[in-house]
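Go by the hints and put chain Z onto chain H.
Heads up: the protein sequence lines correspond to chains H and Z, in order.
Be aware that the first sequence starts at 1, since it is given in this note's numbering, and climbs by one per residue.
Be aware that the second sequence starts at 1, since it is given in this note's numbering, and climbs by one per residue.
No wet-lab data here; the hints were simulated from the structure.
Computed from a predicted structure; not experimentally measured.
Just to be clear, a hint being listed does not mean it is correct.
Looking from chain Z toward chain H, a few residues come up when the C-beta cut is under 10 angstroms (computed) [what the hints assert, rightly or not]:
(1) Ile75
(2) Ala129
(3) Leu168
(4) Ala169
(5) Leu238
Distance condition first, Cα-Cα at most 20 angstroms in a straight line; then the derived EDC-like pairs of lysine to aspartate or glutamate [unchecked claim]:
(6) Lys148/H <-> Asp86/Z
(7) Lys148/H <-> Asp167/Z
(8) Lys148/H <-> Glu44/Z
(9) Lys148/H <-> Glu219/Z
(10) Lys148/H <-> Glu63/Z
(11) Lys148/H <-> Asp99/Z
The C-beta atom is built at its ideal place from N, Cα and C for all residues, glycine as well.
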Amino acid sequence: MDSAAPSQISVKSRRLQAPPAKIFHWVNVVSLTIMLMSGLQIYNANPVFGGREGWHIPQFFLLGGWLAGGRHWHFAAMWIFSLNLLWYGIYILITKRWQHRFVGGNDVKALQTGKNYKRKIYAWHRIVYTSIIPILLLAIFTGIGMYKPAQFHWIVDFFGDWFALRVVHFATVPLVLLFAIAHSLLALKAGGERLINSMFWNNML
Amino acid sequence: MSQNSNNPLSRRNLLRLSGYSVGGILLTGVSLTLVESLAGKATEPLNQKLEELLLKPQTPVPEFPESAIEPDALIINTYGFTPDIDLTTFRLIVDGEVDNPLTLDLATIQQLLRQSMVIRHVCVEGWAAIVQWAGVPVRDLIQLAKPKPGVRYAYFISADRYYESWDLASCLHPQTLLAYEKNGVPLPVDNGAPLRLASPIKLGYKLSKWVTQITLVSELRSRRGFWEDQGYEWFAGL
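The following block holds chain Z by itself, in its conformation from the complex:
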C-alpha cells in the first residue's frame, strides 16, 4: 500500500490529482467571478468621476444629417415582454420631490415643444445605430414639475416594470428626450411607444422604453436600475 501511494502515477494519486484539478478549475471560476465584481466596485467610483467630468451638461453632441440614418441597425432588445398600453387612458406621471406633480395625457405631451435629433444610439453590447428621434425634452417636463432644491436623481418607471435611475445633469441635457417618433414615423411599439427615453449621452440600457412615470428624488434607492442591480455600471455615460 505504502509502496503504491508513493508511486506518483498510482491510480489513487491520479484520482486525487484529477480531484484537485477539478476543484482548482471550480475555485478559479468562483474566485474570478468574485474578483470580477471587486474589480468593478474598485474602479467604478473613479470611472464615474471621469464620466461626470467628461459630460458637458449643456453642450449638445454633434448630430448627423438625415441621410446618415441607419434604419436597419437598431436592434430591438427587451429584458422581458412588450407591454399592452391603452393610448386613450395612458398618462405620464411626473412626481417625487416636486412642487407641481404632473399627470399628462399624450395629446398634452405632443402639444409641448417638439424636438427632433439625429444621433448615434450606442448599445452596451458594442453595436450602434444612427437614429432620428423626436419628442419632448425631459428637461421641459422636469421644469414644469418644479423640482424641490435637493433633487439630484430621476427614476424612470416603465409599463413592463423596467426601471432606471439617472443623474439630474444627464436628464437636463438638451438632447435627452422622451421620444414619440423614430426615423420620421410614430414610434413603433417594439421601440417603446408611446414614450421612450432617447439620448446620445447614455448607453442603450439607460434609455427605457414604455416610460409611464418620472420620479425626482434627492437620494438613490437601493434598487438603481434593472441591469445595474445585476452588476452593470450605473452612470453608463457616453
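Bound conformation, chain H alone:
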C-alpha cells in the first residue's frame, strides 16, 4: 500500500495532453459544430437529395436562421476551422508527434498478433482519431471546390461533376457524427474519465 500511493499521485499529476493538443481539440470541436450546423442551414435551401421537394433538416440542428445567415456563419467559421487545422498540422510535423501520437505499424501489429485487450482498444482508439484528419481535409477540399468552382474547377472535375462534389461534401457530416460517437466511446474505454478530463479540463490554465 505504501508503494502504491506515490505512484498514483505521479500518474494523476502527469500531464496526459500537451496544451497545443488541447487548444486544437477545443477550437476544432466548437468551430466544427458551427460548420456542421450552418452547413445544414445552407443544405436546406436546396437539399442535396431531392431538391426543394427533398427531406429538410429539422430546425433544431440549424444555425443562421436563413440561407444568407447560414452562409455568414459558414464562411466566418471556415477561417477558424481551417487555420486551426493548419497550425496543428505544422505543430505535429515540427514536434514529430505524427510519428508516435497517431496510428502506426505497432497498432496494426497489436490488433493482429497482440494478446493484450487494453492495448487493442488503444490501437482502435488511435486508428479512429487518426481517421478524423483525412475527413476534415476532405471537408475543406470539397468545400473549396463548392465555394469557388470557377477558380478551382479542377476540384469539381476531380469528383466528376457538381452533384458528386455536393454529395461528398455533405457526406462529411455523417462521417463526422459517426466519428464523434466512436471517438467518444473509445476514448472512454481506452482511458476512462481521466483521459477525457485530460483533453478537456485538466490544467487548462
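Frame of chain H, contents of chain Z only:
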C-alpha cells in the same frame, strides 16, 4: 406562502421557470440573429479580399463541351414577377460616368460581336447547371460607352425593378455576357429575355434577368443589390 415558494417544484416556481425558458429561447433566437449579421459583417471584408485575390480578371474559366449541357437543371428563380417587355420599343441604356452614353435597340446589340460559351451556372442555394449562353460581352458595351477614369462599379437595372451592382473587374471578364440565347435557342422570357447577365464567375443572384440599364459609377450607392440589401454577400464571386 414562504414555505410554498421555497419548494423548488411549487406551481409558482414552475411557472416562473417556464417563463424564463420561453424568454431564454426567444432571447437566444434574437441574439443568434444579431450575431448572424455580425458574423457576416466581421468576415465579409476578409472573404471579399480573398475573392478578389482569387479572381483572374482576364483568364477565361474552362468551358464544357455542348454534350455536357444539362437542359433541365436550370431552375427558374425570380424575386417577384416576369415583366412584360415590348421588344420593338426596348432599349438598353448604358450611362453613368461615361463620355459616350448609349441607347441601343436589340437589332444593334445583335450586330455586335456575338460570343457563345458553355459554363456552369451556380446558384447560392447550392444547385448548379451547365448552360450554353450566347450574347454580347459586357466588356464591349462598356468600352463603347467610354467610361471616365474613376469608374469602379456597374449597376444593372432590370425591367422588374431588380437591381445589382458589380465590381468593374468582374464586368470586364471575357466571359461576362449580356445573353440573348440559351442552349441554342433565343432566350426564353422566364430566363430573362431579351437580355440577361450570364457569367461563370458570379453566383446566380448577381446574374440579373431583363436588364434594361447599365450605369457605371465610381462609388457604390447605399442600395447595392436586391438580395445584398437584405443581407446576402455583395461580391458573390465564384
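A quick look at each hint next to the structure:
Because the smallest distance between the Cβ of Ile75/Z and any Cβ of chain H comes to about 8 angstroms, under 10 angstroms, the interface hint for this residue holds. Hint on Ala129/Z holds. Least Cβ distance to chain H is approximately 8 angstroms, under the 10 angstroms limit. Checking Leu168/Z against chain H by beta carbon gives a least distance of about 18 angstroms; that is not within 10 angstroms, so the hint is violated. A distance limit of 10 angstroms between C-beta atoms decides the matter here; for Ala169/Z the minimum to chain H is near 13 angstroms, and the interface restraint is violated.
Given the 10 angstroms rule on beta carbons, the hint for Leu238/Z holds: about 4 angstroms separates it from the nearest Cβ of chain H. The suggested pairing of Lys148/H with Asp86/Z is violated, with an alpha-carbon distance near 38 angstroms, which exceeds 20 angstroms. Simply put, Lys148/H and Asp167/Z have alpha-carbon atoms about 17 angstroms apart, close enough for the 20 angstroms limit, and the pair holds. For the given pair, Lys148/H sits about 15 angstroms from Glu44/Z by alpha-carbon distance, which is consistent with the 20 angstroms threshold.
The straight-line distance between the Cα atoms of Lys148/H and Glu219/Z is roughly 26 angstroms, outside the 20 angstroms bound, and the hint therefore fails. For the given pair, Lys148/H sits about 15 angstroms from Glu63/Z by alpha-carbon distance, which is consistent with the 20 angstroms threshold. Straight-line distance between C-alpha atoms of Lys148/H and Asp99/Z comes to about 35 angstroms, which puts the hinted pair past the 20 angstroms bound.
When each numbered hint is compared with the structure, violations occur for hints 3, 4, 6, 9, 11.
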